[in-house]
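A.B. asks: Letter by letter, the chains look like this.
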Amino acid sequence: MMGDGIIIASALAYMGLLFGIAYYGDQRADAGRSIIANPYIYTLSLAIYCTAWTFYGSVGLAAVSGVDFLPVYLGPTLMAVLFWFVLRRIVRITKVHRITSIADFIGSRYGKSGLLAGMVTLIVMLGILPYISIQLKAIAASFSLLRQYPEVSRLAISTQHPVWMDTTFFVALVLIVFTILFGTRHIDNTERHEGMVAAVAFESMFKLLAFMLVGVVVTFMLFDGPGDLFQHAAEHPDLAPLLRFEVVPGGYGGWLSLTFLSMMAFLFLPRQFQVLVVENVNEAHIRKAIWLFPLYLFAINLFVLPIALGGRLMFNNGDVDADTFVLALPMAEHMPMLALLVFLGGLSAAASMIMFETVTLSTMVCNDLVMPILLRANPRWLAGQTDLSGLLLGIRRVGIVILILLGYLYFRFVSESYALVTSGLVSFAAAAQFAPPILIGLFWKRANRRGALIGLSGGFLVWAYTLLLPAMARSGWIGTDFVDTGLLGLELLKPYALFGLKNLDPYMHSVFWSMLLNIGGLVFGSMLSQPDPLEQVQGSQFVDILKRERHDGDSLLWRGVVETAELYDLLSRFLGPQRATEAFDRYAHDHGGYPLQADSRLIHYTERLLAGAIGAASARVMISSIVMGEVLSIEEVMTILDESTQVLEYSRRLEQKSGELEAASAELREANNRLRELDRLKDEFISTVTHELRTPLTSIRAFSEILLANPDMEVEQRSKFLSIIVKESERLTRLINQVLDMAKIDSGRIEWHMDEIDLRTLIQDAINSTSQLFCDKAVALHEELGDAPVIIDGDHDRLTQVIINLLSNAVKFCPEQGGKVTIRLQPSSNRWRIEVIDNGPGIASDQHKLIFEKFHQVSNAHAGKPKGTGLGLPISQRIVEYHNGRIWVESETGKGAMFIVELPGTL
Amino acid sequence: MRQQSREYITILFICGVLAINYPVLDLFNRSWAPLGIPLLYFYLYLAWFVLIVVLIMVVERSEIRELTESHKSGATRTKGFSRPGGDPDTHEPPESP
Amino acid sequence: MSNKILVVDDEPNIVLSLEFLMKQAGFQVRTASDGEAALAAITAEPPDLVLLDVMMPRKNGYEVCQAIRAHPDWASVRIIMLTAKGREVEREKGLALGADDYITKPFSTQEVVERVRELLAEAG
Numbered sequence: 001m002m003g004d005g006i007i008i009a010s011a012l013a014y015m016g017l018l019f020g021i022a023y024y025g026d027q028r029a030d031a032g033r034s035i036i037a038n039p040y041i042y043t044l045s046l047a048i049y050c051t052a053w054t055f056y057g058s059v060g061l062a063a064v065s066g067v068d069f070l071p072v073y074l075g076p077t078l079m080a081v082l083f084w085f086v087l088r089r090i091v092r093i094t095k096v097h098r099i100t101s102i103a104d105f106i107g108s109r110y111g112k113s114g115l116l117a118g119m120v121t122l123i124v125m126l127g128i129l130p131y132i133s134i135q136l137k138a139i140a141a142s143f144s145l146l147r148q149y150p151e152v153s154r155l156a157i158s159t160q161h162p163v164w165m166d167t168t169f170f171v172a173l174v175l176i177v178f179t180i181l182f183g184t185r186h187i188d189n190t191e192r193h194e195g196m197v198a199a200v201a202f203e204s205m206f207k208l209l210a211f212m213l214v215g216v217v218v219t220f221m222l223f224d225g226p227g228d229l230f231q232h233a234a235e236h237p238d239l240a241p242l243l244r245f246e247v248v249p250g251g252y253g254g255w256l257s258l259t260f261l262s263m264m265a266f267l268f269l270p271r272q273f274q275v276l277v278v279e280n281v282n283e284a285h286i287r288k289a290i291w292l293f294p295l296y297l298f299a300i301n302l303f304v305l306p307i308a309l310g311g312r313l314m315f316n317n318g319d320v321d322a323d324t325f326v327l328a329l330p331m332a333e334h335m336p337m338l339a340l341l342v343f344l345g346g347l348s349a350a351a352s353m354i355m356f357e358t359v360t361l362s363t364m365v366c367n368d369l370v371m372p373i374l375l376r377a378n379p380r381w382l383a384g385q386t387d388l389s390g391l392l393l394g395i396r397r398v399g400i401v402i403l404i405l406l407g408y409l410y411f412r413f414v415s416e417s418y419a420l421v422t423s424g425l426v427s428f429a430a431a432a433q434f435a436p437p438i439l440i441g442l443f444w445k446r447a448n449r450r451g452a453l454i455g456l457s458g459g460f461l462v463w464a465y466t467l468l469l470p471a472m473a474r475s476g477w478i479g480t481d482f483v484d485t486g487l488l489g490l491e492l493l494k495p496y497a498l499f500g501l502k503n504l505d506p507y508m509h510s511v512f513w514s515m516l517l518n519i520g521g522l523v524f525g526s527m528l529s530q531p532d533p534l535e536q537v538q539g540s541q542f543v544d545i546l547k548r549e550r551h552d553g554d555s556l557l558w559r560g561v562v563e564t565a566e567l568y569d570l571l572s573r574f575l576g577p578q579r580a581t582e583a584f585d586r587y588a589h590d591h592g593g594y595p596l597q598a599d600s601r602l603i604h605y606t607e608r609l610l611a612g613a614i615g616a617a618s619a620r621v622m623i624s625s626i627v628m629g630e631v632l633s634i635e636e637v638m639t640i641l642d643e644s645t646q647v648l649e650y651s652r653r654l655e656q657k658s659g660e661l662e663a664a665s666a667e668l669r670e671a672n673n674r675l676r677e678l679d680r681l682k683d684e685f686i687s688t689v690t691h692e693l694r695t696p697l698t699s700i701r702a703f704s705e706i707l708l709a710n711p712d713m714e715v716e717q718r719s720k721f722l723s724i725i726v727k728e729s730e731r732l733t734r735l736i737n738q739v740l741d742m743a744k745i746d747s748g749r750i751e752w753h754m755d756e757i758d759l760r761t762l763i764q765d766a767i768n769s770t771s772q773l774f775c776d777k778a779v780a781l782h783e784e785l786g787d788a789p790v791i792i793d794g795d796h797d798r799l800t801q802v803i804i805n806l807l808s809n810a811v812k813f814c815p816e817q818g819g820k821v822t823i824r825l826q827p828s829s830n831r832w833r834i835e836v837i838d839n840g841p842g843i844a845s846d847q848h849k850l851i852f853e854k855f856h857q858v859s860n861a862h863a864g865k866p867k868g869t870g871l872g873l874p875i876s877q878r879i880v881e882y883h884n885g886r887i888w889v890e891s892e893t894g895k896g897a898m899f900i901v902e903l904p905g906t907l
Numbered sequence: 001m002r003q004q005s006r007e008y009i010t011i012l013f014i015c016g017v018l019a020i021n022y023p024v025l026d027l028f029n030r031s032w033a034p035l036g037i038p039l040l041y042f043y044l045y046l047a048w049f050v051l052i053v054v055l056i057m058v059v060e061r062s063e064i065r066e067l068t069e070s071h072k073s074g075a076t077r078t079k080g081f082s083r084p085g086g087d088p089d090t091h092e093p094p095e096s097p
Numbered sequence: 001m002s003n004k005i006l007v008v009d010d011e012p013n014i015v016l017s018l019e020f021l022m023k024q025a026g027f028q029v030r031t032a033s034d035g036e037a038a039l040a041a042i043t044a045e046p047p048d049l050v051l052l053d054v055m056m057p058r059k060n061g062y063e064v065c066q067a068i069r070a071h072p073d074w075a076s077v078r079i080i081m082l083t084a085k086g087r088e089v090e091r092e093k094g095l096a097l098g099a100d101d102y103i104t105k106p107f108s109t110q111e112v113v114e115r116v117r118e119l120l121a122e123a124g
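Going line by line, the protein sequences match chains Z, V and F.
Going by our numbering, the first sequence opens with residue 1, and the numbers climb by one from there.
Going by our numbering, the second sequence opens with residue 1, and the numbers climb by one from there.
Going by our numbering, the third sequence opens with residue 1, and the numbers climb by one from there.
Because the hints were derived from the structure by calculation, they are not lab data.
Beta carbons are placed, not taken as given, at the ideal position from N, Cα and C, and that holds for glycine.
One should not assume that every hint holds.
Said to hold, decoys possible - With a straight-line cut-off of 25 Å between C-alpha atoms, the simulated DSS-like cross-links for lysine-lysine are: (1) Z:K854 / F:K59; (2) Z:K854 / F:K85; (3) Z:K720 / Z:K777; (4) F:K4 / Z:K727; (5) Z:K682 / F:K93.
To be verified - Reference listing, derived: stretches of chain Z covered by chain V, where coverage requires no fewer than 3 residues with Cβ under 8 Å from a Cβ of chain V: (6) 80-90; (7) 243-250; (8) 254-262; (9) 887-900.
Throw the hints in and build the complete structure from the sequences for me.
C.D. replies: Set out below in structure tokens:
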């Protein structure tokens, strides 16, 4: 009799040792000196694949079905051969995209779909329960057996007892405590658990040694080597068939499907994905694991059949459950220490699986299920929290408790009656559902979210209907009618013979139908729907992951991936289609064509072309907006909680930026044209002003020089010349003043003094100041100004200037004899109207608008050249327009002219 | 890993799948026991072991070759980060068009 | 026999000053105030030299210059362009159209007389 105390104490001590290793591993990891950063630890950690199923169940299966236990290890061996093609891609992607779990991986691949990630999490939760349950069952069974020591007998466990007396329940509780201690001490942003990996590596070594020790004892101590053992078996009528293939249920087909299932499960069980991918510290470790891990599997399987046959030979009466042979044989041989060692090996195999699986799963539940729901339900509260790590830890701990308890419930109500391996295979089939979306998604860019959703849900439903529900029904959990007669009594819907497909074992049957729906849904769903841009981006990033090689030198600026067509589109947006086509043709000519997928050289070429049009910096921004490369730091974006919207927002902003840049460059071109036009006008203006200034200056200089050179000139001629000089000087002064006025008005720097003014007095003043002109040319002035004052808002001096200008113009154009000017002030609807009328030569109608342009002068053959500056009318026009008024001329050639000013004002 | 190694691995995988499945497997489903071990088991474990040995040869040899090659060419790339064979990513910086 | 000069400008004061200067230098002077009047005067009696303003109403100086050069009988007529537009292009344009010299306003009275004399001497 081995005391409960000893067993429990050694179990706790062993768990404590594991915990110590884990703690040490975490410490070292925090200090930056990882103890798991070598290929051997990596390989050993992969051996978490070998759970209690392997440790106890393989022997149990071999004792009944012979060689049937092997595909579960041959599958992973074959998968290891493919590591370099498959696993390396997945690891690279995971590192680049900072992926934290298998749900995250699938969600990311298909356009960062939260829905898909949540769905994966749900499938994993349901699918993994049978697996957890068999670990609990194994621990409880081995414990119950060992405490009977040295007696060995078949024990019925648990169901007879209420929950609180059930050993398994307490095992579950202890595991919950340890799991929480191990896995949720703190939150790590990479979701890596170096300490746990170190502990797993240790227990992998431990369980291998324990199992092999038993194998050696059985083969060489109980029997005289393998030859003797097999000899005994071959002679035993019940055991002889176990040495042939015929005992394998499902035959070769079942064998093949089992191999396939375990290949997939090895990669895609959540804990496997965790140790293989997420916990991988260096891609190079994969290389060693390719052959080292199969070697581990080979070693742990070497003695399965000897132990199974030995057990059958030793416990011939069938009193002992074959699933416990590994433990029962040392007990029967009275080897308590070995028995204890085996118990601990089995315990650690089971416990490490449960702990790693539930930690991984609780992370997925937290990140992909609970947090998204919380985010959606109460984003404001969540945003207000500065530190969410406490909440995250809480969610994960609750998740661990619930998962292990659910596993316990499944054990108690469903799997109790099943052998270990049978229940485990249900979980394998669930994990295999992730193979199509991941593997096809790794190599086929077109695979999109809709396809993945259809495929995954189809595969999952078939799995649940053909494996999970029948298992529950067989255990009496739900009615068995649908299993025997099909759902709704329809033969075609029998879960083990869907659509009449008989003669397959349940697993192969389920694998066939679920994979058919899964792959079919993925492929056809993808082909019949269009992926959105983010899905396309993610798809091509995942598929092309190995093309984005790292270089130490910076010789290649662009490491990204982009379709040549996209580059062309970008280029033609800035250069125009014609130039873009020419450029690409030139490239094709120089380099012998261009690839569909632009290489760095073509990207660089395009960048430089763009740089020519919009500058180097902008070109880089533009290129980086379409090139999926290092430039777009995906890591930064990934850290933000609601990543998909962030990424969308980011690309949308880049898109917008590209549009803005394009618009800006168009605007710039237009502004440039306008500037050039303005420049031309300014040039013209200066040229004209210069001309106008030089003309009086020419006369002044010429006459001054003449006077200087001829001191003895006649007095009469001299005074004539001198008066010309004076007049031209005045003209020059006037011109300069008006040019300055014009410049001030045009540039808006003129000061306006708006006030209430009386138009009538204003006109009167203007008449007074021009009276001398009228006298000189003997022009008669006729006034019609009314009697009452006319009050408006305006600038007194400027308006006076306008009236004087109009009056002097009128005088200027009056005939030498009989000149007559009329000035009139009268209301016109809502406005005041000032008319200045002369009886001069008039102005041709095609000149009516031109005379208001700067320096435009009306030439007149009869009157000779008028002595204007060409600025009077343009200045007047601007002054009037400032007062919200209007100035124009009405005239016909030979019939005089009438200038009209209209100013707003109440009557 | 060089192109050649990739080919070896592909061939190895196909051979492995063929070797452990029907009909090859059926050839060894006999009641004969070489060295006292039933032929079926003998064959399966032997095939498994041979597969591992060949795997070691392919993987480790390619590593050696890759190391010496990178040493010869003075390549700056990290050991272990190999790239698909024939990947033209070592070409010169793009010249002017 | 003194040379005949035609002064063409729309600015009466400039015409007056040039007329005075040319007469003082001993030439026979006629005047015109626009392009068409100038051509009419040349047709009536071709002068030896034309002092020609550019900016004028009714045929500007360039047009007049072209018209003179297009006429085979007037090949010996010397042309000096006068302009208040000082830009280099204008000068080139004038010379390209067949003007013999180009003077920018405001001009030095001495220089105008000298240039006129030089040109007439060259022509012999």
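A.B. asks: Each hint should be assessed against the structure and marked as holding or not.
C.D. replies: Verification of the hints:
At roughly 21 Å between alpha-carbon atoms, K854 (chain Z) and K59 (chain F) fall within 25 Å of each other, so this suggested pair holds. Between K854 (chain Z) and K85 (chain F), the direct Cα distance comes to roughly 17 Å. Compliance with the 25 Å bound is thereby established for this hinted pair. The suggested pairing of K720 (chain Z) with K777 (chain Z) holds, with an alpha-carbon distance near 19 Å, which does not exceed 25 Å. For the proposed pair K4 (chain F) and K727 (chain Z), the alpha carbon gap of about 31 Å is over 25 Å, so the pair is violated.
Between K682 (chain Z) and K93 (chain F) the CA atoms are separated by roughly 21 Å; this keeps the pair inside 25 Å, and the hint holds. Proximity of the stretch 80-90 of chain Z to chain V, defined as three or more residues with a beta carbon under 8 Å from a beta carbon of that chain, is established by the 5 residues found. Look at the stretch 243-250 of chain Z against chain V: 4 of its residues bring a Cβ nearer than 8 Å to a Cβ of that chain, three or more, so the hint holds. Evaluation of the coverage hint for the stretch 254-262 of chain Z: fulfilled, as 3 residues show C-beta separations to chain V shorter than 8 Å, against a requirement of three.
For a cut-off of 8 Å, the count of residues in the stretch 887-900 of chain Z with a CB near a CB of chain V stands at 0, and the three-residue condition is violated.
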